[in-house]
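Asks: Chain by chain, the residues run as shown.
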Amino acid sequence: MLDEKLRQVAQRILEDAAFVFVDGGAEDAIELLNGENALSATLEFDGEFSGSMSMSASYSLAKTMAANLLGADDLDPEAESKKTDAIGELLNMVCGNLLPEIAGTSPEFKIGAPRAVSFDETKRQSADIARSNGSLVAMSVEGCEVVMSLLINDESGAGERV
Amino acid sequence: MSFNIMIVDDSTIIRTMIKRTITLAGIPTGIIVEAQNGAEALVSLGENWIDLIFTDINMPVMDGVEMLERISREERISDTPVIVVSTEGSETKIDRLTRMDNVKAFIRKPFAPENLRDAVEAALSERIQEAANA
Numbered sequence: 001m002l003d004e005k006l007r008q009v010a011q012r013i014l015e016d017a018a019f020v021f022v023d024g025g026a027e028d029a030i031e032l033l034n035g036e037n038a039l040s041a042t043l044e045f046d047g048e049f050s051g052s053m054s055m056s057a058s059y060s061l062a063k064t065m066a067a068n069l070l071g072a073d074d075l076d077p078e079a080e081s082k083k084t085d086a087i088g089e090l091l092n093m094v095c096g097n098l099l100p101e102i103a104g105t106s107p108e109f110k111i112g113a114p115r116a117v118s119f120d121e122t123k124r125q126s127a128d129i130a131r132s133n134g135s136l137v138a139m140s141v142e143g144c145e146v147v148m149s150l151l152i153n154d155e156s157g158a159g160e161r162v
Numbered sequence: 001m002s003f004n005i006m007i008v009d010d011s012t013i014i015r016t017m018i019k020r021t022i023t024l025a026g027i028p029t030g031i032i033v034e035a036q037n038g039a040e041a042l043v044s045l046g047e048n049w050i051d052l053i054f055t056d057i058n059m060p061v062m063d064g065v066e067m068l069e070r071i072s073r074e075e076r077i078s079d080t081p082v083i084v085v086s087t088e089g090s091e092t093k094i095d096r097l098t099r100m101d102n103v104k105a106f107i108r109k110p111f112a113p114e115n116l117r118d119a120v121e122a123a124l125s126e127r128i129q130e131a132a133n134a
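If you're matching them up, the sequences are chains A and B in order.
So in this note's numbering, the last spot in the first sequence is 162, and the numbers never skip.
So in this note's numbering, the last spot in the second sequence is 134, and the numbers never skip.
Source of the hints: derived by calculation from the structure; they are not laboratory data.
For each residue, glycine too, the CB sits at the ideal point set by N, CA and C.
Don't take each hint at face value.
As the list claims (entries may be wrong) - Part of the chain A face toward chain B, derived, beta carbon under 10 angstroms:
#	residue
1	Leu70
2	Cys95
3	Lys110
4	Ala116
Claimed, not checked - Simulated restraints on C-beta separations:
#	chain 1	residue 1	chain 2	residue 2	range
5	B	Ser125	A	Phe19	28 to 34 angstroms
6	A	Asp3	B	Arg127	46 to 52 angstroms
7	A	Glu121	B	Pro60	35 to 41 angstroms
8	B	Glu75	A	Lys110	27 to 33 angstroms
Isolated chain B (complex conformation) (with noise of 0.2 angstroms):
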C-alpha cells in the first residue's frame, strides 16, 4: 500500500524539505503532487487521488484557509487529511484551523523531521484502517 501525497508552499525548499522528510521516514509513497498555492492545488485535486495533504496558510494568490474551505465544499476531496505546515503565529487562527474536520494536524515552522514523521503516521492511520477492512 502506498500513499499519494500533495504539498501546496510557495516555497521550493519547503517543498523539498517535506518531501525528503517523508522518504527518509519510509512512508510508502506514490505519486507526490506539489503545488505552489492553494489554486494551483484544487487543479490537481481535480486530476488526482490524494491520500494527504500538506499545506502552507500564507500563499500568494490562493491561501491555505480558502484552499481547505473550498476543499471541504467538494464531497469526493472533503475528508482528504491535511497537515498544516506554517509559521503562523496567532492561536486564534490556529484554532480555527484545527477544527476543521480534515485538518489532523498543525505544525509550526521551524518543524522537527520527527514531528512531521508523527503527524503523517497519525493521519494515515485511519486511511490504513479503512484499506484494512475493505
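Bound-form chain A, shown alone (with noise of 0.2 angstroms):
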C-alpha cells in the first residue's frame, strides 16, 4: 500500500512538475543505476512521525527535467547547471504531496532541505528498508531509471495509516 501511494504521488509529480512520463515498472533500476550514471539526493522529515526519501535518477534524464522545470531546451546551459537541484526539488515535492496522503492533512511536517548524496548512500537506504518500515519504489520513466525510497524512522504506527 505505502510502495503504491509513493509510487502514485511520485509519478503525479514527475508528470505535472517535469512533464516526464513513467512507462513502467523497472525492477532492475538499482542494478542500472550506478555511481557513474546516477544523480542522488535524499532529505529528512519530522512531524507525527519522522523518516527520510531519497530520489536517484540517470544523469540524462536529471537533465532533461531541469530543462523542463525551467521551461528551456535540453542544451540550455541552465538544465545542466541545476539537474542535481532539479533532483533534489522534484524529491521535496514528492515528499511534501506524499506525507498527506499517509498522514491525513491536519498533522504539520518539517520537511528538511534535500541535498545531493552519492548513489552508493541511496541503496544503503534501500538495505535499511528491507529491514523497517518503507518503500522502494523503481520506475522506468522516458526509457531511464528512477529509483525513490520512503523509511519511516519511528513506532508511531505510521505504517498502520496505509
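Each of the two chains sits in its own frame; use the hints to bring them together as a complex.
Replies: Set out below in C-alpha cells:
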C-alpha cells in the first residue's frame, strides 16, 4: 500500500512538474543505475512521524527534468548546471505531497532541505528499508531509471495508516 | 510602472522557475532579489524596497513562517504582499498562513505558470490602484 502511494505521488509529480512520463516499473533499476550515471538526493522529515526520502535518476533524465522544470531546452546551460537541484526539488515535491496522503492533512511536518548524496548512500538506505518500515519504488521514466525510497524511522504507527 | 520582486527559496531551480514565469507573463519588473532563506530575505528587505515577496516555507537557517512573523512586526514592510509557494500539505499550517494579513495567496508545488501569474496580478492589484491614486 505504501509502495502504491509513493508510486502514484511520484508519477503525478514527475508528470505535472517535469513533464516526463512513467513507462512502467523497472525492477532492475537499482542494478542499472550506478555511481557513474546516477544523481541522487535525500531529505529528512519530522512531525507526527519522522523519516527520510531519497530519489535517484540517471544523469540524462535529470538534465531533461531540469530543462523541463525551467521551460528550457535540454541544451540550455542552466539545465546542465541545475540537474542535481532538479532531483532535490522533485524529491521535495514528492515528499510534501506524499506525507498528507499517509498522515492526513492535519498534522504538520518539517521537511528538511534536500542534499545531494552518492548513489551508494541511497543504496544503503534501500537496504535499511528492506529491514524496516518503508517503501522502495523503481520506475522506468522516458526509458531511464528512477528509484525513490521512503524510510519511516519511528514506531508512531505510520505504517498502519496505509 | 514596474515592481520590485523578492524570491525566497533554498532551491535555485524554483527561484529560476518563478523568475522565468514572471518574465514570460509580461509583469513589469524592476529588480528581482533572490534569497536562500528567511534570514537572507530580511537583510535584503532592509536594503531594498520590495513590492511583492514569493516565499517557500521549509527552508534552512530561518523558515518562511518565522520570516513572515518578523515582517509583520516591522512597520516599514509589514504590508508587503506575500505569495507563499510551497509543498506544504498541512491544512492546519496553510490555514494559519493564509490568515496573515499580507499573505495574498498560497500556491502548492508543483504549480502551473498561469496560477502563479494570476496570483501575482491579484496581489499587485492594490499596489497598482495605490499608484494610480497617488
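Asks: When the structure is checked against the list of hints, which entries are broken? Sort them ascending.
Replies: Structure breaks hints 4 and 7.
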